[in-house]
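Based on the hints, put chains B and L in the right spot on chain H.
Chains H, B and L, in that order, are what the protein sequence lines are. Going by my numbering, the first sequence opens with residue 1, and the numbers climb by one from there. Going by my numbering, the second sequence opens with residue 1, and the numbers climb by one from there. Going by my numbering, the third sequence opens with residue 1, and the numbers climb by one from there.
What the hints contain is simulated information worked out from the structure, not anything from laboratory work. Among the hints, erroneous ones may be present.
Quick look at which bits of chain L chain H covers, simulated, 3 or more residues with Cβ under 8 Å [said to hold, decoys possible]:
id, stretch
1, 132–145
2, 288–302
Sample of chain B residues facing chain L (criterion: CB under 8 Å; computed from the structure) [what the hints assert, rightly or not]:
id, residue
3, E58
4, D63
5, V160
6, G162
7, N269
8, A273
9, E275
10, R319
11, L322
12, K432
13, V433
14, A468
15, G470
Predicted model only: the values in this text are computed from it and were never measured. All C-beta atoms in this analysis are idealised placements derived from N, C-alpha and C, irrespective of residue type, glycine included.
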Amino acid sequence: MSGPLLDVTSLGVRFDTPAGPLQAVRSLDFAVAPGEVLGVVGESGSGKSQAMLALLGLLAANGRASGRALFEGQDLLALDEARLNRVRGSRIAMIFQDPMTSLNPYLAIGAQMALVLRAHRGLRGREAAREAGAMLESVGIPDAGRRLRQYPHELSGGMRQRVMIATALLCRPSLLIADEPTTALDVTVQAQILELMQTLRARFGTAIILITHDLAVVAGLADRLLVMQQGECREAGSPEEIFYAPRERYTRALLAAVPRLDRAGPPAPPLRHAGAAPLLQVRGLRVGYPVLAEGLFGRKRLLRAVEDLSFELAPGEVLGVVGESGCGKSTLGRAVLQLVPASAGSVSFLGRDLGQLERAALDAMRRDLQVVFQDPLASLDPRMTVRDIVAEPLETFEPGMAEAERSNQVAEMLSRVGLDPSHMNRYPHQFSGGQCQRVAIARALITRPKLIVCDEAVSALDVSVRAQILRLLLELRRLLDLSLIFIGHDLAVIRQVSQRVMVMYLGRVMEMAPAGELFGQPRHPYTRALLAAAPVPDPRLERSRPRVGLAGEVPSPLAPPDGCVFRTRCPHAREICAAQVPVLARHGAAEVACHRVAEIQESALESAS
Amino acid sequence: MPEGVNRRAALLPVLLCCLLAGCGERTAVPSASAGPVGGPGGQERAQQQLLRKGNGAEPESLDPHRTESVAASNIERDLFEGLVLETEDGELVPGAAASWEVSADGLSYRFHMRPDARWSNGDRLTARDFEYSLRRSCDPATLNGYSSILYPILNAEAVVEGRLPPTALGVQALDDATLEIHLSGPTPYFLGLLTHSSAYPVHRPSVERYGEKFARPGNLVSNGAYRLEEWVIQSHIRLLRNRYYRDDAHTSIDEVWYYPIENDDAEVNRYRADELDMTEGVPFRQVRWLREQLLGELRIAPYLGTYYFGFNNTRPPFRDNLPLRLALSMAVDRDILTQRVMGTGEQPAWGFVPPVVNYSGQRPAWADWTQEQRNAEARRLYHEAGYSEQHPLEVELLYNTDQNHKRIAGALAAMWKQTLGVRTKLLNQEWKVFIENRKRRVITQVFRSGWIGDYNDAYTFLQLLHSANGQNDPGYRNPAYDALLDQAAATADPAERRALLEAAERQLLADQPLIPLYFYASKRLVKPWVGGYRPNLMDHHHSKDLYILRH
Amino acid sequence: MLRFTIQRLLTGIPTLLVLIAAAFFLIRAAPGGPFDRERDLPPEIEANLRQAYHLDEPLVRQFGRYLGNLARGDFGPSLQYRDFSVTELIRAGFPVSLRIGALAMLLALLAGVSAGAWAALRQNAASDHLVMAAAMTGISIPNFVMAPLLVLVVAVGLGWLPAGGYGGGAWRHLVLPVITLALPQVAYLARLTRASMIEVLSSPYIRTARAQGLSPGRILLQHALRPALLPVVSYLGPAIAALITGSVVIEQIFGLPGIGRFFVTGALNRDYTLVMGVVVFYGTLILLCNFLVDLVYGLLDPRIRHLP
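Chain H extracted, bound-state conformation (with noise of 0.2 Å):
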C-alpha cells in the first residue's frame, strides 16, 4: 500500500451570507484507501456534502474550502479551475442524489457521455460512441445504442442512475464520490443500485464515498463509516465499531431513531373497538385519469391508478399502505378524501357514501377526515401565519367561534404538537422541517378529526425529527381516539407504525395482513421482494442476508401487464399469471392475491427446514 488515496486534513467550507459568515464544515480529517468504501452519514445539514462538493470545487459561489486534500499527489484544494478540470470527471467522479435534474434533459444520454470522454480522452465521434456504450452495457443497461440517443426523461429512475453511473465511470475514476445516489429511487432498484456499485468497485477498483442520510445503505457497503454532524466529525470508525459499538452520544441517537424493519416496532395498541361497526368502509374502488394519446384523432386512454380496491378502517386502527412509485397509494388517500373522484366503487365514511353526498354536507364531513402531505413547507400557505394556518379549519367549521376561543384552541393544539405556542404569530419559513410538519398535523387535528390520512408524511424529515414526529402521532392517535391510513415507501417506518398493512403494486393490493402478520410472515412474491431489497441497519446481516434481487422497474400504468400485474418481475410467474387476475384471497390471517401463493408458501417451508 502507497498510502492513502485521498488524504484530507481540517477541511472547512465557510459561506459567506447576507446574515454573517457560515462555518458548514469544521476541521474534517479523513482518508481513503485506495478501492476502498467510505460511508459519510449524516442528517441534513451535517456538512457531508458539502465537505465533498468542497473537495472538487464544486460549491456555491459564496463558499470558500480551507484545508488541505492531497489526492494523487496534489493538493485538490490549492488547484486553479483548469487544473481541476484534470481531476474531475476523470480522476475524480461524482454522481448525485437525483438523476433526472441531474442529467441534462435537453441533450441525449450519448451526448452527455461524449462530451466526458472528449474532455478528458480526446474520443470523438464512433469511438466516444463505442466506448459510452460499453460502459452502458457494464451498467446493466441492454441495447446501448439505441439508448445513447435517448434522453434522460425517456428512462426510468434507475435507468438514469445507471447513465450516471456509467458516465462517471467513463475515464476510469480511481475516486467516486456518491452524494445519496439511491435515495430518490425505489427500495427495489435502490438494491440493483446498491449491488451494481458493489459489483463495479470490485471490477474497476474504484474507491467509492458514499454520502448518505440512511445507515442502513451503508451498513453492508461501507468498509469504513464517518459519522458527521453539524459539519464536524462525530464518529470514524468500522461499521462493526459504529453500528454495535458506537462511542459517541450522537450516533447511538441516530442509531435508536432509525427504525428497524427486522424488528418489530413497539407493539401497536390493540383496537379499542374491536367488532364496531367499521369506520371507514372501501368497496370496489376504482379511480382513472384520463391520460392525451398519440395521434391526431387518438382517444383519450385511462390511466388506471387503482383498481378494484376494497378494505374496512375500524375506529382507532391504522393502517400501512406500502408500494412502490406509482402503485395508487397516493391516489387511494386522494380518492378516501374524495379529492379525486372515484371512476367506481364506494367510500363510506360512517355509514355514509361519500361520493354520493351533496357538496355541502361533504364539506361538512370534511372536518372529520383530514390529511397531511409529504413536503410540509409546499402544503402551507407562507403568506399565513401559524396561527391562521392552524386557525383555518376552524374558521371553516366553526364560523361562530369567538376569535379568543379560537386563539385558545391554536394554542393548545400547537403546544399537543410540541410547539411554542408563542410562535404562533411566524411564518412557516421560519421553522424547520420537522416544526413545519407540526403544524401541519396541529391543522389536521384542530377539528378533532376522525379520520388523518398520512400521505409520506415522515418522508422528507431526517432521521431524528422523523422518529419525533412518528412518536408523536401516535401518542395522539391513542389520546384523540384517531384512525390513520399511514402512506408510505419504507417498510421500516411502516411497520413501525401500523396495525394492518396493504401492499399495493401498479393500482391493486397484492397483500394485506397485520403487520406482525405482514412483516413475520410474508406471503405475497412482491412482499417478499420488497423485504428482502430493503436494507437493514446492522452490518453483519447485511453482508449475510442473501439478497432475493428484482430484476427490473415497476411497469408503466398506462400499459400493466395483463393478468397480474406483477408477473412481468415476479419469479414464480406461471401461464396462469398472464391468463387471470387473480383475486385477493385469504390465506391464514393474510389476503393475498397471487394463484402461486400456496406453492411459494411450500417452497419457504422447505427451504426452511
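This is chains B and L only, laid out in the frame that chain H set:
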C-alpha cells in the same frame, strides 16, 4: 394619430431637453459652411434643380377626378393644368386655354385653346380633351367626390345625380381649338372653379386603356409642368419636368419629390436634417421656437379659412336664444386667444368670411368695443337669457381629439367661467366619431368647426349656413339669410352681388349662430435657398414657379 | 410530428375566422364611415360610392362576400387609396415591414441574448447591474419617445443618419428605425436570458457537468445555452406580435412605407378593406409564427418533441 395626445405630452420635455442641448444651433445657420445662399449676388441658381417637399398625407390617388385631399391636389397642381391658372397673387391668367370670352349674361364661356398645347407624351391637347374630361368628372360612374364644385355648369347637378347622361353637360367642343361652357346661373367666381382639380383634363386614350390604373407611373399622361415618374406608396412621389409643357422654358426645377409625412414633428425633423426643402405644415407647439431659431424660414400667411365654434341652433339652450349666443361670443377675448393662447400668426375673426377678393368682411358693432365693454354686455345678455351666478349655464363643448383644439376649448371655457360663470364640460372625440355627431346635431351643444374655402369668393363661406345645405352643422335657419344668398346666386352684376353677400353676412352675425374665432394662417418652413416662394391666401404653390439657389 | 403539424394548422383556422369576424364587425361598429369627411359628399355621390363598394348591402351579406373574396385570396379594393387594391398595398408595404421587423428581431436576439448571457455569467457584478439597468431603461422608454429622441440627436443634431424615409431600403435609412424597434425587445430579451441563464446555471445538471471536469465555455455552449434559450424561444411569438405593433408607431415616425402605416391611416379613415386586409394578413402571420415557434421549441426541448 390616436395616440397623439399622450405621445405629445410625453415628448415635450424630451424635445425641450434636446433642443437645449444645442441641437438647434447648427440648424439655426444651416448654410454657414456653404457660403451665402445664392452666391455673392444672392440669385445664383444651384446646379441641381431638385425640390423636396413634405406633403402631409399619402394621396388617395392622382386621378384629378377622384381625389379630394390637399395632399393629392398639391401634386396634381404640378401634374395638370386647367383652362385657367391662378397666380400666387390670386390673379386668374390663361392656363391651357390661351384666352376666353364671357357672354353678357354671364352664362356662356368660350375658351380658345393654345395651338401648341401638348400632353406629356407629345399628343396634342385639344378642346375635345376638356369636353371629355369635364363630362368624366361629372359622370357618377367616376365616383368623383368633388363633382359638386362643377354644379354651376348647366345640367351638372342632374348629371352627377344620374338624371341626365354626361353628354347633357353644358360643355361642348366646337372644334379642336374652341370649347364652350354654359352655366345654369351667373357665377362670377366660375373661372376660379376651373383651377380646381375636378376641372383638370385627363388623357382619354390612357383612361380608356388603363381604367382605374391610368394614374400610375408609366401610365399617367398629364398636361402640367411635370409628369409622374415614380410613386412608391407611403414613401415618395417623384415628378420630372414635362418637356412638352407649353411654358417649359420658364420652368427651373427639374425634379420634385413629394414625401407623405403625416406626423408634423417628424416632418420638421426631416426638414432640419436638410432632407426637405419645404414642409407642408408646422407643429403649432414649435411655431414660436421655430420663428426664433430658423430666421425667416417659417413662412406664415393668411389662409382661406375660418375657425369657429358652432352652437347647435336646433336644440336648447341655444335654440331661439340670441342673447345667450351673443353673450358667449362676446365673452371670448379673441386677441388673447390668437396672441397669447396660440401665438402662431392667425388673425382674430369677428365675421365669418375671411379676406377674400372683391369683398369687405363684415364685423358686428361690438367688434370695435373694448373687451371690458364686451364682457359687460355679455353679462347683461347672459342675465337676460335667464342665467346668473347662482343659476349658471352648464354646457358641453365638443371637439375632435387634438392638442390645438384642446387648448382653444380650454381657453374658451376659462373665459366663459371668468366672465359669466358658465360651467363648461370639455369633451373630445376621435375625428370620424366627432364629425358624425356634429352632423347629427343631437348631442352637440357647442362644437369646434372650421371651413376652408373651395375658391376665392365669399360665397363659398356663406353658402355653408344656407338652411338647405347639408353641412349646416349649427342648424342655422333664417329665411331672410337664405333669400339674400339665393338672390346673390342669381345676380350677374358684381357690385349688386357683393352687396347682397355682405348683407347676408351681416344678418348672419346679427343672429350669431356660431362664434367666429380666427381666420386661418398657412404655415410652413421653406429653406432659404428655395426661390420664388410666395405665400398666398389659397396656399397653392406651383413647383414650376420655384427655383433652387446655390447653397 | 406531421400529425401535430396538421392539427396545429387546422386549429388555426377557427382562430382566424373569429379574428376576421371580430375585426369585420368591430370596424363597422365604429362611428363614422369611409366617406364621412369634413366636407360632405353630395348624397347621390355618397350613395354611388356605397353601392360601388357594396357598403349598401346588409352587413351579413357583406361579410359573406368578404369571406368569399378572401377564400380566393382577394382582399378587395382599398376605400381610401382608390387606385389600389389592398393586396397591392400589402404587397408594397410588407417587404418594408418585414425587412425592418426581421432586422429588429435579429438585432434583438443577438444583442439581447448575448447581453443577458453576459450579465448572467457576471451575476451581481457591477457589469451585470449596468446591463440590467440599461435593459430596464430600454423597457421603460416607449418607442414613440425613443424614436424622436434618436432622430433629434443622431439625425438632426449630429447629421449622421437620415431623420426619416425609406431611401429604397438603404442601410442608412434602416439604422434608426431598426434600433428603435428592437430596443425594448433587446432589453426584454436580455432580462429574460439573464434570468433563465442564471436558473439553468444553478441547476443540478450544470453541477454535474462541472463535476465532470468540462470547461466553463463548453458547459455554457453545450449544456446551458439550449435550455436557457427555451424561454427566449417561447417569447418569440409575443415578440413578433410586439414588433408588429411597434412597427405601427415606428413606421409613422420614420415615414417608412410599411404595412403598419397603412393600418393607422386605414383605421383613421375607416378604410374597412385596408384595415381588414392588414388584420387578416398579420393575424395569419402571427398564427404561423407562433406555430413555427412551437416547432422550434419542440426541436430544442426533447421532452416536448416526444409528446404525442
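Minimum beta-carbon distance criterion (8 Å), N269 (chain B) to chain L | 4 Å, holds
Closest C-beta approach of A273 (chain B) to chain L relative to 8 Å, hint status = 4 Å, holds
Interface hint compliance - A468 (chain B) to chain L, C-beta minimum distance less than 8 Å = The hint is violated - A468 (chain B) has no Cβ within 8 Å of chain L, the shortest such distance being about 12 Å.
Minimum Cβ distance from G162 (chain B) to chain L below 8 Å?
-> At about 7 Å, which falls below the 8 Å cut-off, the nearest Cβ of chain L leaves the hint on G162 (chain B) intact, so it holds.
Have a go at the V160 (chain B) hint: is there a Cβ in chain L nearer than 8 Å to its own Cβ?
-> 6 Å, holds
Would you check chain H against the stretch 132–145 of chain L, counting CB to CB pairs closer than 8 Å, and say if three or more residues qualify?
-> Coverage by chain H is violated here, the residue count being 0 at a Cβ distance below 8 Å.
Is the hint on R319 (chain B) kept, meaning its closest Cβ partner in chain L is under 8 Å away?
-> 23 Å, violated
Does L322 (chain B) pass the interface hint, meaning its C-beta sits closer than 8 Å to a C-beta of chain L?
-> Since chain L brings no Cβ nearer than about 27 Å to L322 (chain B), farther than 8 Å, the hint is violated.
Is the hint on E275 (chain B) kept, meaning its closest Cβ partner in chain L is under 8 Å away?
-> Holds, about 6 Å.
Using 8 Å as the Cβ threshold, decide whether G470 (chain B) counts as touching chain L.
-> 5 Å, holds
Please verify that hint: K432 (chain B), Cβ, nearest Cβ of chain L, below 8 Å or not.
-> For K432 (chain B), the interface hint holds, since the closest Cβ of chain L sits about 3 Å away, which is under 8 Å.
Would you check whether V433 (chain B) satisfies its interface hint, that is, whether its CB is within less than 8 Å of any CB in chain L?
-> 4 Å, holds
Checked against the numbered hints above, the structure breaks hints 1, 10, 11, 14 and satisfies the rest.
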